[in-house]
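> For reference, the chains in residue letters:
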Amino acid sequence: MMAKPAHAGRLRRAPENFLTREQIVDVQSGRRDFLRKAFVAAGASLSVQAWAQGSAQPKGDPAILELPAHSHTLGLPVAERGYGLPSQYERNLARRESPGLTRVSAASVSFAPLQGLFGIITPNGLHFERHHQGWHDIDPATHRLMVMGMVKNPKVYTMDDLMRLPSVSRMHFIECGANTGMEWGNVAVPTVQYTHGMLSCSEFTGVPLKVLLDDCGFDRKRARFVLAEGADGASLARTIPMDRALDDVMVAWGMNGEMLRPENGYPLRLVVPGVQGVSWVKWLRRIEVGDQPFATREEVLHYVDLMPDGVARQYTWTQECKSVITTPSGGQTLLDRGQYNVTGLAWSGRGKVRRVDVSFDGGRNWRTARLQGPVLGKCLTRFNIDWTWNGGPAILQSRAIDETGYVQPQKRQLREVRGTRSIYHNNAIQSWQVDATGEVRNVHLG
Amino acid sequence: MSIWARLAAACLMLLAGAVAAQDRYPGIGRAATPAEIAAWDIDVRADFTGLPKGQGTVSQGQELWEKKCASCHGYFGESNEVFPPIIGGTTADDVKRGRVRSLIESSDQRTTLMKLSHLSTLWDYIRRAMPWNEPKSLTVDEVYAVTAYILNMGDLLPGDFTLNDQNIREVQKRLPNRDGLRPFPGLSDVRGKPDVRNTPCMKDCVKGELKIVSSYPENAKDTHGNLADQNRLVGPVRGVVTVAGAAKAGEVSASVGAALVRKNGCQLCHGITSRVVGPSFREIAQRYAGDVGAGARLVTKVKTGGSGNWGNVAMPPQSSIADGDIQSMMLWLLNGAR
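So the sequence lines, in the order shown, correspond to chains A and B. Residues 0 to 445 in numbering that gives the first Met the number 0 are what the first sequence spells out, letter by letter. Residues 0 to 337 in numbering that gives the first Met the number 0 are what the second sequence spells out, letter by letter.
A hint or two may mislead.
[To be verified] Listed below are the simulated BS3-like cross-link pairs for lysine-lysine, each with C-alpha atoms no more than 30 Å apart in a straight line:
# : chain 1 : residue 1 : chain 2 : residue 2
1 : B       : Lys220    : B       : Lys210
2 : B       : Lys52     : B       : Lys135
3 : B       : Lys135    : A       : Lys410
4 : A       : Lys151    : B       : Lys135
5 : B       : Lys95     : B       : Lys52
6 : B       : Lys202    : A       : Lys351
It should be emphasised that the hints constitute simulated quantities derived from the structure, not laboratory data. Since the structure is predicted, the reported quantities are computational estimates derived from the model, not experimental observations.
Throw the hints in and build the complete structure from the sequences for me.
Here is the structure:
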């Protein structure tokens, strides 16, 4: 029965020709008397009550009554796929570029599909990507890490060396400093994948950077910063202050039980918990210990925050407390009225998330959501809250509070201090508007 | 101390260090050789620590630029093709002040020279990363030359200038935005004090009407492709169909049909499992299961509307929907409306 392709371009809501917006709202809120007027206007004859009468009761769901093939045939053998893949029905959840954001795809970003993820761990194949000069799949046997600068013994480590050291595994979020950066001014993108998808969370395995700094005998008196540098064409370089370097920074090779993916720095990357993603140098080849920050390109020309007075803040590392509702979120439609588990993610670069509140009326009133364990420092925290959608319009927001007592700000509050040209560090409360048809839209409130 | 004594002492110290390290993790890592360190230690700090000796003229730089850089950045560094422009937006007044005025006033394009506050940064970056497709292919002198030419294009150096490791400190003082950065401990210190404050109000937190100041525009819905194809096929929500006919003929998947049903507002009158004004979609699917001609009949019925099959209430004609889309919806429906 399928024939010619459907017309190109955007769809129009058919009933809009027939029902006004108010009437749609009426239907959804259960008031059907509007139909008389509407149908008369359309020249149809009808009896409003008649719909309820005269149809055969169905025997049951064919999904139950008629056994599907998988219930009466033999399935595939083990090891059919040496490395397992998601179901064919899950292809829609993929990382994607945001059209028009950058000009060349090797110096660009792909966003993680937060709208479809559960819990707090990002599947490795869906981890967001940011490359400045493309990615490589580096042979781990030839990869080297050099630690030098203000150290007694500059040293070279192979992967074999590193993986013999006492390792740790810890779960942390990584968020690009520019996450939500397109939204400083106006609404710019439709879905949570593009507003917040430069965010991922993994269990990383590696050796604390402190172990290597100690092993090389770093200069405890004078050393104040380290430079981390990648082995790729960009040799991306970032300054890490010593107090962080000695605290929870890791030189990692493992990610969610397997090695890092090439797109995420295989075979070695820096993990700098709570700090913007650009500091998590991928394909890590060099650590230099020094007594001053290094003023690299990603610390002078980019990843600085332009304030209203025209001066830019430099070395703004911390990713402040932030949260977002992932379901329902922009570009989705609710299936029906009734029960929903509204769910989302909260995180803070300063430590643990203490509480998340959710509003369904644009921030007028708030209810506290359930935090799902584990709740870890500098790690994503999943929150859930029940909601009955009665078919009326709603504006959903979430507001996280971290263990320092910091409260995620409103867009207005953020802009009052920092203006609208910062690009980085936009941690404002996100608003999703649900209209009477159940469609969810990205909006900013004044 | 004699040279020998000093050497011996140094050796002893080295040994001691090596032993100390080995004590902790025997057999892990080895000493980096001076040549290895030199090969990788390429960074140049704001105070020019790490800058190698060398020099390059503006005219050498121009030749290099036109050969190796202009294809991507434009002959005058003005191109917006692969990256925002490198040159432009700075004035002689900015050079005097050390702050770029257009960073205060405009919200548009920010060029590299508008933002640059450390010359070391430009030098270091070109050396490590440019040309983009051939990074680290320039010699030290070539990096000086092309840096000099960029500054010349930005009216910061005369055409006969030779940039070297000595005069670069003087040239630094001409950068238009040299005083354009400041530290902010609130976000750099581990325990930094935040600059933006909110309070956890729980009740009646908004005074007056809610004002939506910006909203994803209806007419830009398809900018990011078909959102129905970016969401799961089951669960509490579906993606909105933003590109109709995204699926090709014969390839129409059931999910496209499901999304079109939501998109076209059919659920105003049909629940998936419950009746609203018309029958539920499952009911319809059930009635026509196994009926070979049902597809075509239902397409016509949806198009022209009418009553009688389920009761006296009529379905209004859905005449503004493309045939292909109605077919997709009926495919989904007759597949069980799931």
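> Is the Cα-Cα distance between Lys202 (chain B) and Lys351 (chain A) 30 Å or less?
holds, 25 Å
> Please work out if Lys220 (chain B) and Lys210 (chain B) have their alpha carbons no farther apart than 30 Å.
Measuring from Cα to Cα gives roughly 22 Å; hence the hint holds.
> Does Lys52 (chain B) lie within 30 Å of Lys95 (chain B) when you go C-alpha to C-alpha?
holds, 29 Å
> Tell me if the straight-line CA distance from Lys52 (chain B) to Lys135 (chain B) falls inside 30 Å.
holds, 17 Å
> Need the status of pair Lys151 (chain A), Lys135 (chain B): alpha-carbon distance at most 30 Å?
Holds, because 29 Å separates the two Cα atoms, which is no more than 30 Å.
> Holds or violated: Lys135 (chain B) with Lys410 (chain A), Cα cutoff 30 Å?
violated, 42 Å
In summary, the structure is inconsistent with hint 3 from the numbered list given earlier, while agreeing with all the others.
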